[in-house]
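Protein chains: 2
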Amino acid sequence: MNKAPKTAISPTRTEDYPEWYQQVIRAADLAENSPVRGCMVIKPWGYSLWENMQRALDKMFKDTGHRNAYFPLFIPMSFLEKEAEHVEGFAKECAVVTHHRLEPDPDTGGLRPAGPLEEPLIVRPTSETIIGAMYAKWVQSYRDLPILINQWANVVRWEMRTRLFLRTAEFLWQEGHTVHATQDEALEETRKMLDVYADFAENFMAVPVIKGEKTAGERFPGADMTLSIEAMMQDRKALQAGTSHFLGQNFSKAQEIKFQDQNGEVAYAWTTSWGVSTRLIGALIMTHADDDGMIVPPKLAPAHAVILPIYRDDQQRAEVLSYCQNLKAELSALAYAGRAVEVEIDDRDLRGGEKKWYHVKRGVPLRIEIGPKDLAKDAVFLARRDTGEQSSLARQTLIDSFTSVLDDIQNSLFQKALTMREANTVVLSNEKEFREYFTPRNPDQPEIHGGFALCYFESEETVQPLLDELKVTIRCIPLANNDTPGTCFLSGRPAQKQAIFAKAY
Amino acid sequence: MNKAPKTAISPTRTEDYPEWYQQVIRAADLAENSPVRGCMVIKPWGYSLWENMQRALDKMFKDTGHRNAYFPLFIPMSFLEKEAEHVEGFAKECAVVTHHRLEPDPDTGGLRPAGPLEEPLIVRPTSETIIGAMYAKWVQSYRDLPILINQWANVVRWEMRTRLFLRTAEFLWQEGHTVHATQDEALEETRKMLDVYADFAENFMAVPVIKGEKTAGERFPGADMTLSIEAMMQDRKALQAGTSHFLGQNFSKAQEIKFQDQNGEVAYAWTTSWGVSTRLIGALIMTHADDDGMIVPPKLAPAHAVILPIYRDDQQRAEVLSYCQNLKAELSALAYAGRAVEVEIDDRDLRGGEKKWYHVKRGVPLRIEIGPKDLAKDAVFLARRDTGEQSSLARQTLIDSFTSVLDDIQNSLFQKALTMREANTVVLSNEKEFREYFTPRNPDQPEIHGGFALCYFESEETVQPLLDELKVTIRCIPLANNDTPGTCFLSGRPAQKQAIFAKAY
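These protein sequence lines map, in sequence, to chains X and Z.
My numbering numbers the first residue of the first sequence as 4 and each following residue consecutively.
My numbering numbers the first residue of the second sequence as 4 and each following residue consecutively.
Keep in mind that the hints are not guaranteed to be accurate.
Since the list gives no way to pick one copy over another, a pair counts as held whenever it fits inside one copy or between any two copies.
Unchecked claim - The list that follows gives simulated cross-link-like pairs (lysine-lysine, DSS-like), each with its CA atoms no further than 30 Å apart:
1) 95 / 376
2) 435 / 376
3) 358 / 85
4) 500 / 419
5) 506 / 62
6) 359 / 214
7) 62 / 331
8) 95 / 419
9) 85 / 435
10) 506 / 140
11) 85 / 474
Simulated from the structure, these hints should not be mistaken for lab results.
Just so it is clear, the structure is predicted and the values come from calculations on it, not from any experiment.
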């Protein structure tokens, strides 16, 4: 009998990538859709990933001189009207509060909105306008600068087609908003925060990223320059994993953020904003998960290891459990990547196989199984989630090597993702190659094809019609190794820069 | 010349308590009003108080078995219609989203709401209904119980009269929502979380609290029992600092949260909810701040100490600064109350007096001043914010005694607040005493009078007319030492319990 290899997630990545993604989220119990259209519920395992991301990022923000604050959820409609491009970008689909009361509805016996507001309020899609209004009050003199503030918050952008973590009406994020006396300082801040994001993506998420600049058409509405980090998912599509915007004086002029400089002259300030969101959890899944479920990089793992006690009767249970608890205590005394090692003991009354697969699907980096035979040898059975490697080793060896095994997993995940990206990045120099690369070879699997193409391009306008036809986008103009002019892959004319072209989320 | 003693805050507490409160918030740079009616901006120093509160509470929640998750900001209007009392309590004043788009308004040249929603959405005033809808899906069997989840979130309750931290349209809070198989277990959870809040208030905030049960009229809408902690502010009014609700089966019946028990019978679950909010920052201010500004208890202090370098020229500056940086490094290596000691060096180009008062007003527990003379003696000048005590001591002595001084400040603040409450708590046994106690003696200072009155009362109904007349409320029926029956202070008839009566925020 020719039986397909058994996987915990069905369909597999190659069978149906988008559906595989949904099934991993379900199997790992990360999130689910709510009865509120487009809004997700982030379940405890998924939320602890976000908490660990927050902890690491927050430290990086504070280490670079930023402090947190909190600004209103609502933005008066008139504020959105001030910066012309910003209106275009954000006023289109948003949640509009028009009433401040509910009253009994005699027609239906239910409730109905009452108490109309004089001015409608918008649930913040991003906070440049409301934060800028405060900054205009706070900034008077060069002595008040720079302002380096970050906010952790929820934001809402009404989306018609949503996908858990990747695109939801409400999502959680952080938004940094800074004000500077000079253009240079604001540009430096914009680049510095992109570096922070890249550092976080690569060293905590184990997701390799390309730092680059967005073309004018892909910029944040109202920005003079948008920088982004771009990652390749396992279906070879790009995912924008963080953005840092140099806003020039556009918002400071629209909002009157002015200051008196050292010479007594009044000048408009220079502002930046930068953000990452719960979308990063989507990136984490699509970079590391496999056909058996989630794989969590150790530096972000809510639990670094789970211990499964194995026993047949009450006497064995007592002995094995006590051994497991001692081991847990010894491992928990270790530190990894700036926090205490976290170990779960799963003593639920479930079949061994069911329990094992539960943790495999959740992506716990290490699984430790301990039964009476192991106990007799003072040894444990260890399985790595990322490679599936299994071994039996002395308890003390496990303790001694524990954090270096975690390091090895963390590094392997990064290397694997990097190898994947490099294997799927090509340099293309003409239209024929470009068309071939971005046309699915197997129409049954339209989702997995192509990858990143590095191409010289003359201008956004030149290539846009072809990109629209192939549903390809310019991801970014890489910042590194991009100073040698070349020839546009499409027009054949001289081109200054190469860009990464890809299909994208 | 008869000069009034100089205070940093004007008016003082006795001159005008409500205005003093606003001025402390302004002087300590904790928060301010925003252009969005009723919504505040929490500034960095205020927000770090909240971050420190969150850190401590979050650990306590996790240590008692809870995990965090995140649920939607919006609640469909129909959800609020399900639990009758809950509707009454929360549907009245809330933010109602009715549209999902803005479009150009040809009449005004601005924008106008468009894309009406089929069903209005309410910005959550509290999340029992939306979380309950998810729990109804998650709970099938007794094996799924208990569910012990907490959420950190923003909520909105449309308020007509707002006051920073104490009553704002939007505020930040945490809301725990748990589901249990039995009534006993849910009751135990309700009490356990009240204990957590009391522990936090007393041991972190240094705010003494009375644990008690709310009367039926003061319960959370939809609850069978509401427990609260009540604190006395410096104007002797009560402030409810945290609540824990036993919801019985009211929400589980309205929302169909059912499970199959161990005997295969289907039963409704028992639920609880509990929360504290940024209102606690208001409690912190009104408990500890004085006429010179904020005083922050060390366990919640964003900075435990500030070092002010004093020098006259560049050479002195280099020497003094280097000495200060070394001291900062040594102090930062210490741990206090579970986190690293945090020390700021304030080397801004400001006059010494201005700088000193800046930190006094912010409430940093310890101020250290170091000039060339101190340096020569290897000594420092130390000032305690809470008592104003000043001393000169050897650098090593400062380091050796640093955390015990912090402990002493923490304990002194608590003792001072406790002494104040005890001095202003009376036992009253008849209407005359009660009326006298709650009638301001000095009409010029209506804000500061009375305090807590501990009285036997027959029933809420009996006393309500008198309470309404005097603007007094029943704060709670204390849980401790309250088992001996007595005589109602008003009716003279037998009464089972004593309650705390007070004017309140």
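Okay, the hints, checked on the actual structure:
| no. | hint | verdict |
| --- | --- | --- |
| 1 | 95 / 376 | neither (65 Å within a copy, 64 Å between copies) |
| 2 | 435 / 376 | neither (63 Å within a copy, 79 Å between copies) |
| 3 | 358 / 85 | neither (56 Å within a copy, 38 Å between copies) |
| 4 | 500 / 419 | within (28 Å within a copy, 68 Å between copies) |
| 5 | 506 / 62 | neither (33 Å within a copy, 43 Å between copies) |
| 6 | 359 / 214 | neither (39 Å within a copy, 44 Å between copies) |
| 7 | 62 / 331 | both (27 Å within a copy, 19 Å between copies) |
| 8 | 95 / 419 | neither (40 Å within a copy, 55 Å between copies) |
| 9 | 85 / 435 | neither (45 Å within a copy, 62 Å between copies) |
| 10 | 506 / 140 | neither (43 Å within a copy, 36 Å between copies) |
| 11 | 85 / 474 | neither (33 Å within a copy, 46 Å between copies) |
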